[in-house]
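One letter stands for each residue in the lines below.
There are 2 protein chains.
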Amino acid sequence: MSQSKYLSGDKVGIEEFLSRFDVFLFDCDGVLWSGDHIFDKVPETLEYLRSLDKQLVFVTNNSTKSRADYKKKFDKLGIPAKVEEVFGSSYSAAVYIARILKLPAPKNKVFVLGETGIEQELDSEGVPYIGGTDPAYRRDIEPEDFDNIANGKLLDPDVGVVLSGLDFHSNYLKTAIAFQYLQRGAVYLATNIDSTLPMAKTLFPGAGSSGAGLAKAIGRDPLSLGKPSQAMMDAVEGKFQFDRSRTCMVGDRMNTDIQFGIDGKLGGTLAVLTGVSKKEEFLEEGVKTVPLAYVDTLGDLLG
Amino acid sequence: MSQSKYLSGDKVGIEEFLSRFDVFLFDCDGVLWSGDHIFDKVPETLEYLRSLDKQLVFVTNNSTKSRADYKKKFDKLGIPAKVEEVFGSSYSAAVYIARILKLPAPKNKVFVLGETGIEQELDSEGVPYIGGTDPAYRRDIEPEDFDNIANGKLLDPDVGVVLSGLDFHSNYLKTAIAFQYLQRGAVYLATNIDSTLPMAKTLFPGAGSSGAGLAKAIGRDPLSLGKPSQAMMDAVEGKFQFDRSRTCMVGDRMNTDIQFGIDGKLGGTLAVLTGVSKKEEFLEEGVKTVPLAYVDTLGDLLG
Numbered sequence: 275m276s277q278s279k280y281l282s283g284d285k286v287g288i289e290e291f292l293s294r295f296d297v298f299l300f301d302c303d304g305v306l307w308s309g310d311h312i313f314d315k316v317p318e319t320l321e322y323l324r325s326l327d328k329q330l331v332f333v334t335n336n337s338t339k340s341r342a343d344y345k346k347k348f349d350k351l352g353i354p355a356k357v358e359e360v361f362g363s364s365y366s367a368a369v370y371i372a373r374i375l376k377l378p379a380p381k382n383k384v385f386v387l388g389e390t391g392i393e394q395e396l397d398s399e400g401v402p403y404i405g406g407t408d409p410a411y412r413r414d415i416e417p418e419d420f421d422n423i424a425n426g427k428l429l430d431p432d433v434g435v436v437l438s439g440l441d442f443h444s445n446y447l448k449t450a451i452a453f454q455y456l457q458r459g460a461v462y463l464a465t466n467i468d469s470t471l472p473m474a475k476t477l478f479p480g481a482g483s484s485g486a487g488l489a490k491a492i493g494r495d496p497l498s499l500g501k502p503s504q505a506m507m508d509a510v511e512g513k514f515q516f517d518r519s520r521t522c523m524v525g526d527r528m529n530t531d532i533q534f535g536i537d538g539k540l541g542g543t544l545a546v547l548t549g550v551s552k553k554e555e556f557l558e559e560g561v562k563t564v565p566l567a568y569v570d571t572l573g574d575l576l577g
Numbered sequence: 275m276s277q278s279k280y281l282s283g284d285k286v287g288i289e290e291f292l293s294r295f296d297v298f299l300f301d302c303d304g305v306l307w308s309g310d311h312i313f314d315k316v317p318e319t320l321e322y323l324r325s326l327d328k329q330l331v332f333v334t335n336n337s338t339k340s341r342a343d344y345k346k347k348f349d350k351l352g353i354p355a356k357v358e359e360v361f362g363s364s365y366s367a368a369v370y371i372a373r374i375l376k377l378p379a380p381k382n383k384v385f386v387l388g389e390t391g392i393e394q395e396l397d398s399e400g401v402p403y404i405g406g407t408d409p410a411y412r413r414d415i416e417p418e419d420f421d422n423i424a425n426g427k428l429l430d431p432d433v434g435v436v437l438s439g440l441d442f443h444s445n446y447l448k449t450a451i452a453f454q455y456l457q458r459g460a461v462y463l464a465t466n467i468d469s470t471l472p473m474a475k476t477l478f479p480g481a482g483s484s485g486a487g488l489a490k491a492i493g494r495d496p497l498s499l500g501k502p503s504q505a506m507m508d509a510v511e512g513k514f515q516f517d518r519s520r521t522c523m524v525g526d527r528m529n530t531d532i533q534f535g536i537d538g539k540l541g542g543t544l545a546v547l548t549g550v551s552k553k554e555e556f557l558e559e560g561v562k563t564v565p566l567a568y569v570d571t572l573g574d575l576l577g
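One line per chain: the protein sequences are V and D, in this order.
Residue numbers for the first sequence follow our numbering, beginning at 275 and rising by one.
Residue numbers for the second sequence follow our numbering, beginning at 275 and rising by one.
In short, the hints are calculated from the structure, not lab data.
Treat the hints loosely; a few may be bogus.
Any copy, or any two copies together, can satisfy a pair, since identical chains are not distinguished.
Dumping the calculated DSS-like pairs for lysine-lysine here, alpha-carbon to alpha-carbon at most 30 angstroms [unchecked claim]:
#1 K427 with K350
#2 K552 with K427
#3 K347 with K427
#4 K427 with K475
#5 K328 with K539
#6 K279 with K376
#7 K475 with K381
#8 K513 with K475
#9 K346 with K475
#10 K553 with K376
#11 K350 with K315
#12 K553 with K475
#13 K427 with K315
Full structure from sequences and hints, please.
Listed below in structure tokens is the structure:
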């Protein structure tokens, strides 16, 4: 097992490392910012990479925001970025449904467990959907609903896909309806399956948690279109046409970001220690997911 | 692997089988009834067993009902039973918390994810609790809640246990609060972890599903006080003081009821085919969970 190289403060090492890549895929939360707090020297570091002609892609599992929402967040924090550089798990799922799954209309409707980011990206790909933020589904289950779910009266016969993402409005009614669609043969997808969401300096339930009730009921996991699923890597590559051997994944989570880069056979991976994973996780003997290199903070790449 | 003996229509076989036991533990849903439909000859069969001096215990994983609620259901369906004969997973959990876990007051408060059945049984054992059916927790999470969960303002410092049961009002707020209690060291229990709930001739999310978001977030399963957990068998035995070798578990689900009896080293198990599991499940070669005997319906025991 090769050791991860520590680059903070190593000017020559950084220069050599950067020279090996043309494309950098960035995780956002935990790398560029934490919540609404931007890390030191992030804009300068991204500008520096651009000045070296590196292509930047922001790959995020957060399904509650669309690419347009993300652009607003970049603007607000003063981070230079273009909408086209953002690749979120909602977009990844919409692209998968529209361009790869391609169920024949009208049986191609999606039942959404999630927030507006998913709806916006499905709209952008012309995919019909129900559920999501529709207030009709944001209510308690009532006794008569059990019969009407069982006999199909509460169901749309054109639903062919259930898409599960982070849902701050998850409830029993939606889970029961989605479960019924799956029992009737709908394709089971997720934007991502992160178990937790780092917020307010602690952990909250992530998309894998808000969707876990459905997975438990049906007894299997969805196909995830977010990191570390290679379905997302394929979608990113399809859009940006990069050379994997000249591409580096930058992230804070070993089991999603770094695994994503390793499984995708990228030329390299770079861990930052501003997020979830601690260096002890990958410096120990026998650990499987080891980044090629690591820095304390992204800004350390400025040397 | 011994074969399961088919008893329906086998008068001599039934007589021999019944003579081997003094106590019968019954699962309810799928054995005595399905929803509000009572199966043929159930009252007569139970009366017959009582006439043979058998002790009957009704062991149910349904946590939404208290023992008193269950008694009402028995009465309504015309099934003779006493409250003392009912042993539900909510009661099992309340007994475990009050008599085995025995956390020192005031740090013994329970945060409940579930319905009134759990609250009633906690009351019956004098266990303090919050959450449950309290309308204050039956709402959407708001932006400020994230901070107030993280900084503890929305938390009760006396909570030492999170108890998860079937919750028709599960939501992100409650899961996030429970997750925070667990991150702070609360004991993690469940009334039961059945993945599905058979209703209206199809499957709905069960307690294991409505609580799966929390298990996924914290990355481990709760200690279950329902079937097939032996914590429940110990509690039943503690109350009824039976001889396990002279006790038979009767149920419709291989992976909960029959497993419960086998793991508990009972003298025997009897499967009925009126519920979830089909006989193909245990008649196949190489299957691990095989009941000692099976009948098509409970009423077949009348011969």
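So, going through the hints one by one against the coordinates:
Taking the shortest alpha-carbon separations for K427 and K350, only the inter-copy value of 29 angstroms comes in at or below 30 angstroms, while the best intra-copy value is 45 angstroms. For the homomeric pair K552 and K427, the shortest alpha-carbon distance between copies (28 angstroms) is at most 30 angstroms, but the shortest distance inside one copy (50 angstroms) is not. For the identical chains of this complex, K347 and K427 are inter-copy neighbours only, at 28 angstroms across copies versus 41 angstroms inside a copy, given an alpha-carbon limit of 30 angstroms. In this assembly of identical chains, the alpha carbons of K427 and K475 lie at most 30 angstroms apart only when taken from different copies (15 angstroms versus 44 angstroms within one copy).
Taking identical chains as interchangeable, the C-alpha atoms of K328 and K539 lie at most 30 angstroms apart only when both belong to the same chain, with a minimum of 19 angstroms there against 66 angstroms between chains. Taking the closest pair of Cα atoms, K279 and K376 never come within 30 angstroms of each other, the shortest separation being 43 angstroms inside a single copy and 50 angstroms across copies. Proximity of K475 and K381 under a CA criterion of 30 angstroms is satisfied inter-copy only: 25 angstroms between copies versus 43 angstroms inside one chain copy. Proximity of K513 and K475 under a CA criterion of 30 angstroms is satisfied in neither setting, with 34 angstroms inside one chain copy and 46 angstroms between copies.
Only within a single protomer do K346 and K475 lie at most 30 angstroms apart by alpha-carbon distance; the minimum there is 23 angstroms, versus 48 angstroms between protomers. Proximity of K553 to K376 under the C-alpha cut-off of 30 angstroms is found in neither arrangement, the shortest distances being 42 angstroms within a copy and 39 angstroms between copies. For the identical chains of this complex, K350 and K315 are intra-copy neighbours only, at 15 angstroms inside a copy versus 70 angstroms across copies, given an alpha-carbon limit of 30 angstroms. Proximity of K553 and K475 under a CA criterion of 30 angstroms is satisfied intra-copy only: 18 angstroms inside one chain copy versus 52 angstroms between copies.
In this assembly of identical chains, K427 and K315 lie within 30 angstroms of each other by CA distance neither inside one copy nor across copies; the values are 56 angstroms within and 34 angstroms between.
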